[in-house]
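Just so you know, the protein sequences line up as chains Z and X, in that order.
Using the numbering used here, read the first sequence as starting at 1 and increasing by one per residue.
Using the numbering used here, read the second sequence as starting at 1 and increasing by one per residue.
For the record, the hints were derived by calculation from the structure and aren't laboratory data.
Treat the hints with caution; some may be incorrect.
[To be verified] With the Cβ distance kept under 7 Å, some of the chain Z side facing chain X (calculated, not the full set): (1) A52; (2) M57; (3) C60; (4) F61.
[What the hints assert, rightly or not] Listed next, the stretches of chain Z that the computed footprint assigns to chain X, with coverage defined by at least 3 CB atoms under 8 Å from CB atoms of chain X: (5) 9-22; (6) 36-46; (7) 62-72.
[What the hints assert, rightly or not] List of simulated lysine-lysine pairs, DSSO-like, C-alpha gap at most 27 Å: (8) Z:K19 <-> X:K237; (9) X:K106 <-> X:K179; (10) Z:K3 <-> Z:K85; (11) Z:K85 <-> X:K106; (12) Z:K85 <-> X:K221; (13) X:K426 <-> Z:K3; (14) X:K219 <-> X:K179; (15) Z:K19 <-> Z:K3; (16) X:K237 <-> X:K210; (17) Z:K19 <-> X:K221; (18) Z:K19 <-> Z:K85; (19) X:K221 <-> X:K210; (20) Z:K3 <-> X:K106; (21) X:K221 <-> Z:K3.
Every residue, glycine too, gets a C-beta built ideally from N, C-alpha and C.
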Amino acid sequence: MFKRLAEAGAAVALTVDGKPVRAVSGDTVAAALLAAGIDHCRTTPVTGAPRAPYCLMGICFDCLVTIDGVGSRQACLVPVSEGMKVETQQGKREAGR
Amino acid sequence: MNAVDLASSYDLIVIGGGPAGLAAASLAARAGVSTVLFDENPGVGGQIYRGITSTPVTNRLILGEDYWAGEALANEAEASGAVVVNGATVWSLDPERVVGVSIAGKARLIEARRVIIATGSQERPFPIPGWTLPGVMTAGAAQTVLKAQGLLPDGRTVMAGTGPLMWLLAAQILRAGGKIEAILDTTPRRNFLRASPHLPDFVLSPYFAKGLALLREVKAKVPVRRVSSVAAVGDGKLREVVSDRGRMPADLLLLHQGVVPNVNLALAAGTAHAWNERQLCFQPVLDDHFESSVPGIAVAGDGAGIAGGTAAAERGRIAAIAAVRALKPAAAVPDPQSVRQRLRREEMGRAFLDWLHRPADSFRQPEGDTLACRCEEVTARQVRETADMGCEGPNQMKAFLRCGMGPCQGRLCGLTITELIAAQRKTTPAEVGYYRLRPPVKPITLAELASLPISEAERKAVER
Ligand SMILES: Cc1cc2nc3c(=O)[nH]c(=O)nc-3n(C[C@H](O)[C@@H](O)[C@H](O)COP(=O)(O)OP(=O)(O)OC[C@H]3O[C@@H](n4cnc5c(N)ncnc54)[C@H](O)[C@@H]3O)c2cc1C
Ligand code: FES
């Protein structure tokens, strides 16, 4: 859905659900997911529908993912860092895990 | 700056680092007022100047000179002596001006003699069929990753909606070498009638020439169609966009129908709000100095009512001058009259834009299975039927249907629920009111709460 205009920053290695993803410093986790073509980051607790980042400014909470073991973080507000482990969330919110 | 390094109190806490917050914090700090600014984003700039200190988009033509004007504000704040903390989410503010803030997983409660809320705006909810499908996002979202990360829409991109920001983003995408299949313009034709009395002011305002140039730039490259319905269709992700003018395959649909004040924090702090019929949103009730109904708490910038980024900075300055005068009457401040004059110039032309781009009822008051509340997946039909059964307000609706109970705390459904109830019960949004909001206005984990240092007094109260 998105491509990079320029690769300004240094490469940052993440894993998303265990698979390696290459991000760039300056990315938020949500931006890294979009640039990597990962098409959803969670499924809803009510009907299990897939969701992807919608607002990218911290208000919709559709970008919730688990980051380094902490559930329900807003991927659009968290900058990537080397070795970060991102997991998509299925169904039930995993807040405060 | 980490949570533990913060002082336990400041003269002034500014919440939000967009133009309003940056201008307010700089002015106050330069006048010698101890000032801290919190913003939850990794960098300053707010929405208009997102990524201003770090954007990888170095070709200045792409984002345009109005974007780069933010550099001066960011530099001014940096040099002012204000403590600017990014990655700092404010989750509570009470009427005694105690601010709850989380930084890197650690929470603190910090006191202030004055608070300026400068949390800005958000895009108005755009509840159409399929708006929760992956592949559908707001125009602002695409603009945010363009500014901050240099990401450009790839694949078949369609835009739908109304308002100056949609055209600005279209131009930025095109200048960056991107492609837009079509723009579905949802501006109701009859809006022009209501807007036309304000045309003379608009023609004299700074928006006029810029707006025309943008339209021309975009229309030269992108087919534009007037539509009166839009739906996103797909199974698990967007496949096509359907309007009353036909269907088109699409990978990305960018929606936008204007911006509205981000009211959650101001409401949770107990400030009075009122319905703005022209802009179709709630906004805080403020005096001439942007002071709210709660003493010592001001709201500046687009959070005070939409007026745009340059006006936001001037409003921040006015609020900061009032704060400095209250805290340090002897300190030198800029002449408020000249600030007000600039503000008036910026606010000119707004009425025309507001009336012209006022979204149609059908795009604000959905029907049938269209989701009104994204988080709890509550449909428009459920809301309408519950209103028909006698439910009079959003708080009761929340108890019946759980709408507004999800993590977004009503940010993406609040206006829709209010308007749906008003429509069903044949009354006004002002009568219906908005969700009652309480802190925390952003989710905070148990671990963060547990990290709150307990004061001497609190410890004495529980220790025997
Ligand atoms: C997505 C989007 C894109 C926009 N793009 C443009 C544009 O390109 N050009 C234009 O003219 N106008 C744009 N606008 C309109 C915008 O409202 C501007 O007029 C301007 O950014 C308003 O400035 P402000 O200082 O009032 O608030 P903002 O610039 O919105 O800044 C508010 C800041 O507060 C922070 N914040 C909010 N809540 C909290 C909290 N609880 N804790 C900590 N920090 C918080 C936010 O992270 C944000 O940085 C945009 C609006 C949106 C919503
Ligand atoms: S994408 Fe909306 S909160 Fe992150």
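In rising order, the numbers of the hints this structure does not comply with | Structure breaks hints 5, 9, 12, 13, 16, 17, 20.
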